[in-house]
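Chemist: Sequence:
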Amino acid sequence: MADHQLTHVYRGYIACLNDQDWDNLGRFVGDAVQYNGETIGLEGYRGMLESDFTAIPDLRFNIEFLVCEPPRVAVRLHFDCHPKGVLFGLPVHGKRVTFAENVFYEFRDGRIREVWSVIDKAAIQAQL
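For the record, in the sequence shown the residue sitting at position 24 is 7 according to my numbering, with numbers rising by one throughout.
There may be inaccurate statements among the hints.
[As the list claims (entries may be wrong)] Pairs of lysine to aspartate or glutamate residues, derived as EDC-like cross-links and limited to a Cα-Cα distance of at most 20 Å, are as follows: (1) Lys104 / Asp63; (2) Lys78 / Asp35; (3) Lys78 / Asp103; (4) Lys78 / Asp63.
The hints are simulated quantities; they were obtained by calculation from the structure and are not laboratory data.
Just so it is clear, the structure is predicted and the values come from calculations on it, not from any experiment.
Can you make the complete structure from the sequences, with help from the hints?
Modeler: As structure tokens, then:
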């Protein structure tokens, strides 16, 4: 898959997340997806995302920058939100926080096969 095609697929994935279109998540995420080295599968991945939206009702994935080198995509995502309670072990309780996630994806057959995610928890902690 060419880099412009993979970029298009990735942007479709982000739209799917922001729309909470869980029925179409499998178009973008493989059945045996791994997250930070653990195989959680599509259902586990969906459950993780649904939990994120429950904890952060105004969650929105915003792409700050995207680098594509097939079969991999590297992205810095930006979040500006109001989590309901404890977020990543930090007592946010409805306060507005902004933070970033650096995330790397590997695709196979046009779907996400592996995800490596690092969230800037220190940025959240500094705002509390």
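Chemist: Now, for every hint given, state plainly whether the structure supports it.
Modeler: Against the structure, the hints come out as follows:
1. With a C-alpha separation of about 13 Å, the suggested pairing of Lys104 with Asp63 holds against the 20 Å cut-off.
2. With a C-alpha separation of about 16 Å, the suggested pair Lys78 and Asp35 falls inside the 20 Å cut-off, and the hint holds.
3. Proximity of Lys78 to Asp103 is assessed by CA-CA distance (about 17 Å); at most 20 Å being required, the pair is judged to hold.
4. Distance check on the hinted pair: Lys78 and Asp63 sit about 10 Å apart at the alpha-carbon level, within 20 Å; holds.
Against the hints set out earlier in the document, no violation occurs for any number.
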